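K.L.:
Just so you know, the sequences run in chain order E and G.
For the first sequence, our numbering assigns the number 1 to the initial residue and increments by one for each residue that follows.
For the second sequence, our numbering assigns the number 291 to the initial residue and increments by one for each residue that follows.
Hints were generated in silico from the structure; no laboratory data involved.
There's no promise every hint is true.
Unchecked claim - Here are the simulated lysine-lysine pairs, DSS-like style, with alpha carbons at most 25 Å apart:
{"no.": "1", "chain 1": "G", "residue 1": "Lys-342", "chain 2": "G", "residue 2": "Lys-301"}
{"no.": "2", "chain 1": "E", "residue 1": "Lys-18", "chain 2": "G", "residue 2": "Lys-367"}
{"no.": "3", "chain 1": "G", "residue 1": "Lys-469", "chain 2": "G", "residue 2": "Lys-459"}
{"no.": "4", "chain 1": "E", "residue 1": "Lys-76", "chain 2": "E", "residue 2": "Lys-50"}
{"no.": "5", "chain 1": "G", "residue 1": "Lys-401", "chain 2": "E", "residue 2": "Lys-16"}
{"no.": "6", "chain 1": "E", "residue 1": "Lys-233", "chain 2": "E", "residue 2": "Lys-144"}
{"no.": "7", "chain 1": "E", "residue 1": "Lys-185", "chain 2": "E", "residue 2": "Lys-116"}
{"no.": "8", "chain 1": "E", "residue 1": "Lys-233", "chain 2": "E", "residue 2": "Lys-76"}
{"no.": "9", "chain 1": "G", "residue 1": "Lys-367", "chain 2": "G", "residue 2": "Lys-342"}
{"no.": "10", "chain 1": "G", "residue 1": "Lys-399", "chain 2": "G", "residue 2": "Lys-494"}
{"no.": "11", "chain 1": "G", "residue 1": "Lys-367", "chain 2": "G", "residue 2": "Lys-459"}
{"no.": "12", "chain 1": "G", "residue 1": "Lys-459", "chain 2": "G", "residue 2": "Lys-370"}
{"no.": "13", "chain 1": "E", "residue 1": "Lys-66", "chain 2": "E", "residue 2": "Lys-50"}
{"no.": "14", "chain 1": "E", "residue 1": "Lys-204", "chain 2": "E", "residue 2": "Lys-185"}
{"no.": "15", "chain 1": "E", "residue 1": "Lys-116", "chain 2": "G", "residue 2": "Lys-301"}
{"no.": "16", "chain 1": "E", "residue 1": "Lys-18", "chain 2": "G", "residue 2": "Lys-594"}
{"no.": "17", "chain 1": "G", "residue 1": "Lys-401", "chain 2": "E", "residue 2": "Lys-18"}
{"no.": "18", "chain 1": "E", "residue 1": "Lys-18", "chain 2": "E", "residue 2": "Lys-112"}
{"no.": "19", "chain 1": "E", "residue 1": "Lys-116", "chain 2": "E", "residue 2": "Lys-204"}
{"no.": "20", "chain 1": "G", "residue 1": "Lys-370", "chain 2": "G", "residue 2": "Lys-399"}
{"no.": "21", "chain 1": "G", "residue 1": "Lys-399", "chain 2": "E", "residue 2": "Lys-16"}
{"no.": "22", "chain 1": "E", "residue 1": "Lys-50", "chain 2": "G", "residue 2": "Lys-399"}
{"no.": "23", "chain 1": "E", "residue 1": "Lys-185", "chain 2": "G", "residue 2": "Lys-594"}
{"no.": "24", "chain 1": "G", "residue 1": "Lys-361", "chain 2": "E", "residue 2": "Lys-112"}
{"no.": "25", "chain 1": "E", "residue 1": "Lys-16", "chain 2": "G", "residue 2": "Lys-404"}
{"no.": "26", "chain 1": "E", "residue 1": "Lys-16", "chain 2": "G", "residue 2": "Lys-494"}
{"no.": "27", "chain 1": "E", "residue 1": "Lys-144", "chain 2": "G", "residue 2": "Lys-342"}
{"no.": "28", "chain 1": "G", "residue 1": "Lys-370", "chain 2": "G", "residue 2": "Lys-494"}
{"no.": "29", "chain 1": "G", "residue 1": "Lys-404", "chain 2": "G", "residue 2": "Lys-469"}
{"no.": "30", "chain 1": "E", "residue 1": "Lys-16", "chain 2": "E", "residue 2": "Lys-112"}
{"no.": "31", "chain 1": "G", "residue 1": "Lys-401", "chain 2": "G", "residue 2": "Lys-370"}
{"no.": "32", "chain 1": "E", "residue 1": "Lys-18", "chain 2": "G", "residue 2": "Lys-459"}
{"no.": "33", "chain 1": "E", "residue 1": "Lys-76", "chain 2": "E", "residue 2": "Lys-66"}
Note that this is a predicted model, so its numbers are computed, not measured.
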Amino acid sequence: MANNRDEMGSEIKSAKSKMIDRIVFVALSLGAVVMVFPLIYMVLSSFMTKNQILSADFSIIPNPWKFGKYSEVLAKPEFLRGLRNTLIVAAPVLVIGGFTSSLSAFSFSKLKFRGKNGIFLGLLATMMIPFAVVMIPQYVMFTKMGWTNSLLPLIIPGLFGNVSIIFFLRQNLTSVPDSIVEAAKLDGCGYFRMYYSIFLPLMKGALMTQLILWFMGIWNDYLAPTIFIQNEKWFTLQVVIRSFNSYYAVNSDYPLIMAASVLAILPTLLLFFFFQRYIIESLAVSGVKG
Amino acid sequence: MSGGKAVAKKKMNRAEFREHCWGLAFVSPAFIGFLIFMAFPIAFAFFASLTKWNGMNSMTDNFIGLNNYIKLLGDDKFWKVLLNTVIYMIGIPIGMILGLVIAVGMNRKIKGIKFLRTLYYVPVVSSLVAVAILWMWVFNYDYGLLNSIVKMISGQHGPNWLGDEFWVKVSMIIFMVWKGLGSSIILYLSGLQGIPRDYYEAAKIDGASGWNLFRDITVPLVSPVTFYLLITGLIGGFQVFVEVLVMVPSGGLNYSAATVVFYLYEKAFSSNQMGYGSAMAFILAIFIFIVTAINFKGQDKWVKTIE
Numbered sequence: 001m002a003n004n005r006d007e008m009g010s011e012i013k014s015a016k017s018k019m020i021d022r023i024v025f026v027a028l029s030l031g032a033v034v035m036v037f038p039l040i041y042m043v044l045s046s047f048m049t050k051n052q053i054l055s056a057d058f059s060i061i062p063n064p065w066k067f068g069k070y071s072e073v074l075a076k077p078e079f080l081r082g083l084r085n086t087l088i089v090a091a092p093v094l095v096i097g098g099f100t101s102s103l104s105a106f107s108f109s110k111l112k113f114r115g116k117n118g119i120f121l122g123l124l125a126t127m128m129i130p131f132a133v134v135m136i137p138q139y140v141m142f143t144k145m146g147w148t149n150s151l152l153p154l155i156i157p158g159l160f161g162n163v164s165i166i167f168f169l170r171q172n173l174t175s176v177p178d179s180i181v182e183a184a185k186l187d188g189c190g191y192f193r194m195y196y197s198i199f200l201p202l203m204k205g206a207l208m209t210q211l212i213l214w215f216m217g218i219w220n221d222y223l224a225p226t227i228f229i230q231n232e233k234w235f236t237l238q239v240v241i242r243s244f245n246s247y248y249a250v251n252s253d254y255p256l257i258m259a260a261s262v263l264a265i266l267p268t269l270l271l272f273f274f275f276q277r278y279i280i281e282s283l284a285v286s287g288v289k290g
Numbered sequence: 291m292s293g294g295k296a297v298a299k300k301k302m303n304r305a306e307f308r309e310h311c312w313g314l315a316f317v318s319p320a321f322i323g324f325l326i327f328m329a330f331p332i333a334f335a336f337f338a339s340l341t342k343w344n345g346m347n348s349m350t351d352n353f354i355g356l357n358n359y360i361k362l363l364g365d366d367k368f369w370k371v372l373l374n375t376v377i378y379m380i381g382i383p384i385g386m387i388l389g390l391v392i393a394v395g396m397n398r399k400i401k402g403i404k405f406l407r408t409l410y411y412v413p414v415v416s417s418l419v420a421v422a423i424l425w426m427w428v429f430n431y432d433y434g435l436l437n438s439i440v441k442m443i444s445g446q447h448g449p450n451w452l453g454d455e456f457w458v459k460v461s462m463i464i465f466m467v468w469k470g471l472g473s474s475i476i477l478y479l480s481g482l483q484g485i486p487r488d489y490y491e492a493a494k495i496d497g498a499s500g501w502n503l504f505r506d507i508t509v510p511l512v513s514p515v516t517f518y519l520l521i522t523g524l525i526g527g528f529q530v531f532v533e534v535l536v537m538v539p540s541g542g543l544n545y546s547a548a549t550v551v552f553y554l555y556e557k558a559f560s561s562n563q564m565g566y567g568s569a570m571a572f573i574l575a576i577f578i579f580i581v582t583a584i585n586f587k588g589q590d591k592w593v594k595t596i597e
């Protein structure tokens with residue numbers, strides 16, 4: 001099919017269609033420039049001086065180029081602490097949450113047990129409930145347990161798994177024939193070993209992609225940390241960036257704010273560039289199957 | 291499905307029972323998490339919404355029945371933030387149209403087009419807080435990027451984007467469309483790639499123009515994607531909050547930028563009206579539920595599938 005299409009494409013591409021291609025490409029490039037221009041401007045402003053940013057004559061190119069803001073941001077203890085806190089949250093959540101999610105997905109997809117459909121529907125329904133409904137009770141719960149003085153409100157819920165990942169992996173496993181389970185049973189394979197040595201390797205690719213997306217979600221999350229974390233010591237990176245914004249805007253240190261924002265975007269951007277094929281594929285699948 | 295039912299009816303044998311136990315054990319973390327962090331809080335929030343609870347006092351002593359809900363219906367500020375939230379949803383169709391048009395362009399075989407696709411997607415993966423801070427700066431009245439460009443082109447000073455009751459809404463819509471466009475493009479692109487090429491070839495032989503192809507083949511056949519974007523856009527649209535909190539922390543001149551969740555957050559966490567906040571959260575959930583249900587009911591009328 002794909003081959004066929006290629007052949008047709010090269011045969012039929014007339015002068016007119018090549019012309020259209022060129023126009024489309026130019027139009028899309030202009031659009032792309034508009035899309036990334038604010039981000040480019042962010043990077044450039046981080047190299048400007050305060051005076052240049054605040055001058056009446058608008059300019060884009062830094063003059064002179066100042067590279068000091070990045071080391072200034074990286075030397076701030078709050079920034080490093082924020083980075084550390086975000087990673088402290090991400091590591092256990094991804095490892096344990098990834099394990100519990102894939103284990104549930106295997107069970108929902110391949111094992112027979114009573115109440116399966118009911119439990120699954122219950123989990124799915126939670127995807128529709130707005131966070132606003134549960135944030136107040138969760139906040140009170142975490143306060144009562146004394147967790148708001150730590151990172152636990154961000155870590156513990158994640159350890160129990162992630163519904164959208166369970167859903168995605170379960171879909172992913174439907175293409176694996178059920179007969180594998182029967183064959184493994186006949187060989188006397190236990191259920192955990194079945195998960196660990198047969199199904200986990202089968203979902204490895206899909207699981208990795210989902211974990212990358214989950215990491216991006218944890219990295220970019222602002223709402224939960226800002227509600228649940230009361231102690232400045234445990235602010236995650238996004239909360240720190242936001243407080244930089246309020247703090248340094250007072251003396252108009254915009255280059256520093258922009259440098260900090262660039263650093264906050266960079267890791268997810270790099271992950272996206274490296275893994276974009278898998279990420280885009282998995283997003284497209286979830287959209288089409290919706 | 292039918293196998294599961296048969297198991298439920300008759301008594302399980304040993305092997306089946308073993309599988310039942312392991313199956314339950316494997317889903318138990320997710321299920322326990324669901325009970326602790328979703329089911330219990332939902333029930334709790336519902337009870338709280340019937341009280342004048344401030345987070346500290348006793349809930350049962352301050353039981354006021356449906357009074358919070360009645361008060362909410364007469365709360366002008368609530369209607370105002372609801373209207374603001376709905377106005378922001380103008381961004382949903384704008385993002386769909388732009389996304390579809392760009393995706394159609396990207397569906398052509400042109401060298402370098404994949405790289406452009408990546409560029410459009412960059413805002414989607416960027417941290418919301420960081421880009422909201424960036425756009426706050428872009429919208430800055432005196433020195434912002436946007437007003438500098440307006441001045442360069444027209445010679446006049448641009449609007450006070452975030453400081454004006456009307457322009458602040460325009461600003462937020464621009465920001466949200468910019469942030470989400472990449473994902474509409476990706477989804478439309480995958481929808482377009484599912485349309486068989488012969489449909490277009492056949493229509494071309496019949497003499498259909500480019501516009502006809504777009505209107506009569508492309509638009510109906512990507513309708514499942516449009517439906518998905520509409521549902522997720524509306525569910526997300528009702529919950530817009532962080533971008534407002536970062537860009538317009540005060541809620542805007544006369545609360546012109548505040549959304550439902552923004553108001554709810556202020557009520558619950560700044561003025562400790564947790565009962566009132568919970569009632570608002572439930573109204574929000576009901577709105578989302580109704581709108582989603584209407585969409586699912588109406589989908590037969592316009593959502594086509596490729597057979």
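K.L.:
Now, for every hint given, state plainly whether the structure supports it.
P.N.:
Here is what the structure says about each hint:
1. Lys-342(G) with Lys-301(G): This hinted pair is violated, its Cα atoms lying about 50 Å apart.
2. Lys-18(E) with Lys-367(G): Roughly 56 Å separates the two Cα atoms, so the pair is violated.
3. Lys-469(G) with Lys-459(G): holds (15 Å)
4. Lys-76(E) with Lys-50(E): With Cα atoms ~19 Å apart, Lys-76(E) and Lys-50(E) stay inside 25 Å; holds.
5. Lys-401(G) with Lys-16(E): holds (17 Å)
6. Lys-233(E) with Lys-144(E): Given pair Lys-233(E), Lys-144(E) holds - Cα atoms ~19 Å apart, limit 25 Å.
7. Lys-185(E) with Lys-116(E): Holds: Lys-185(E) and Lys-116(E) sit about 20 Å apart, inside 25 Å.
8. Lys-233(E) with Lys-76(E): Roughly 13 Å between the alpha carbons, so the hint for Lys-233(E) and Lys-76(E) holds.
9. Lys-367(G) with Lys-342(G): holds (19 Å)
10. Lys-399(G) with Lys-494(G): Roughly 19 Å separates the two Cα atoms, so the pair holds.
11. Lys-367(G) with Lys-459(G): Within the cut-off at roughly 17 Å; holds.
12. Lys-459(G) with Lys-370(G): holds (13 Å)
13. Lys-66(E) with Lys-50(E): Satisfied, since the Cα-Cα distance of roughly 10 Å is no more than 25 Å.
14. Lys-204(E) with Lys-185(E): holds (22 Å)
15. Lys-116(E) with Lys-301(G): OK: Lys-116(E) and Lys-301(G) at ~17 Å, within 25 Å.
16. Lys-18(E) with Lys-594(G): violated (32 Å)
17. Lys-401(G) with Lys-18(E): Distance ~12 Å between Lys-401(G) and Lys-18(E) Cα, so the pair holds.
18. Lys-18(E) with Lys-112(E): violated (56 Å)
19. Lys-116(E) with Lys-204(E): holds (24 Å)
20. Lys-370(G) with Lys-399(G): Violated, at roughly 48 Å.
21. Lys-399(G) with Lys-16(E): holds (14 Å)
22. Lys-50(E) with Lys-399(G): It is violated: about 45 Å lies between the C-alpha atoms, which goes past 25 Å.
23. Lys-185(E) with Lys-594(G): violated (43 Å)
24. Lys-361(G) with Lys-112(E): violated (49 Å)
25. Lys-16(E) with Lys-404(G): Distance ~22 Å between Lys-16(E) and Lys-404(G) Cα, so the pair holds.
26. Lys-16(E) with Lys-494(G): Between Lys-16(E) and Lys-494(G) the Cα gap is close to 15 Å, so the pair holds against 25 Å.
27. Lys-144(E) with Lys-342(G): Holds, at roughly 19 Å.
28. Lys-370(G) with Lys-494(G): violated (50 Å)
29. Lys-404(G) with Lys-469(G): The given pair, whose Cα atoms are some 19 Å apart, holds under the 25 Å limit.
30. Lys-16(E) with Lys-112(E): violated (59 Å)
31. Lys-401(G) with Lys-370(G): Status violated; Cα separation ~49 Å.
32. Lys-18(E) with Lys-459(G): violated (41 Å)
33. Lys-76(E) with Lys-66(E): Given that 25 Å is the threshold and the Cα spacing comes to 18 Å, the pair holds.
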